Amino acid sequence: MQQIIDIEKYEQLQEILIQEIIEQIRFKLAQGGIAGDQLRELTGEIAFSVASSLDDQANIEHEGVEVHPYLAFIGTENEVIHCGENSYGHEFVADIMKKVFSS
266 MQQIIDIEKY
276 EQLQEILIQE
286 IIEQIRFKLA
296 QGGIAGDQLR
306 ELTGEIAFSV
316 ASSLDDQANI
326 EHEGVEVHPY
336 LAFIGTENEV
346 IHCGENSYGH
356 EFVADIMKKV
366 FSS
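Going by my numbering, the sequence shown opens with residue 266, and the numbers climb by one from there.
It is worth saying that the hints were derived from the structure and are not from the lab.
Be aware that one or more of the hints could be misleading.
16 Å max Cα-Cα, derived EDC-like pairs, lysine to aspartate or glutamate [unchecked claim]:
(1) K363 x E310
(2) K364 x D271
(3) K363 x E285
(4) K293 x E280
(5) K363 x D321
(6) K363 x D271
(7) K364 x E306
(8) K274 x E331
(9) K364 x E273
(10) K274 x E344
None of these values were measured; they are calculated from a predicted model.
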């Protein structure tokens, strides 16, 4: 596999991933009986927390072992797509939340 830096494609893939995470969280919370403002607030908080963990914004450590995620995507030409730094999906959560909850 060849690693390529394609910031535009990476952002597009990050946004799609974050939207899927938000939609799955909303679906599971709704299945559990959460609705209305509480559904929106909990979905946003959980999505931001998950995205921050993926972005290496949370200090993840277990029994002295530090964890530093490095998010990349597999492209169509057997390539690994990256942006050259840590992911930043948590920055998309607020805008995607508006989109998901307006539809």
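Between K363 and E310, is the straight-line Cα distance small enough, at 16 Å or below?
-> Distance ~13 Å between K363 and E310 Cα, so the pair holds.
Are the Cα positions of K363 and D321 separated by 16 Å at most?
-> 24 Å, violated
With a cut-off of 16 Å on the C-alpha distance, tell me whether K274 and E331 pass.
-> 29 Å, violated
Hey, K274 versus E344, does the alpha-carbon distance stay inside 16 Å?
-> 12 Å, holds
Does the structure keep K293 and E280 at a Cα separation of 16 Å or less?
-> Violated, because 20 Å separates the two Cα atoms, which is more than 16 Å.
Does the alpha-carbon distance linking K364 and D271 stay inside the 16 Å limit?
-> 25 Å, violated
Taking 16 Å as the top limit, are the C-alpha atoms of K364 and E306 close enough?
-> 14 Å, holds
Holds or violated: K364 with E273, Cα cutoff 16 Å?
-> The hint is violated at about 20 Å.
Between K363 and E285, does the CA-CA distance stay at or below 16 Å?
-> 14 Å, holds
Within a Cα-Cα threshold of 16 Å, do K363 and D271 meet the stated pairing?
-> 26 Å, violated
When the structure is compared with the earlier hints, violations turn up for hints 2, 4, 5, 6, 8 and 9 and for no others.
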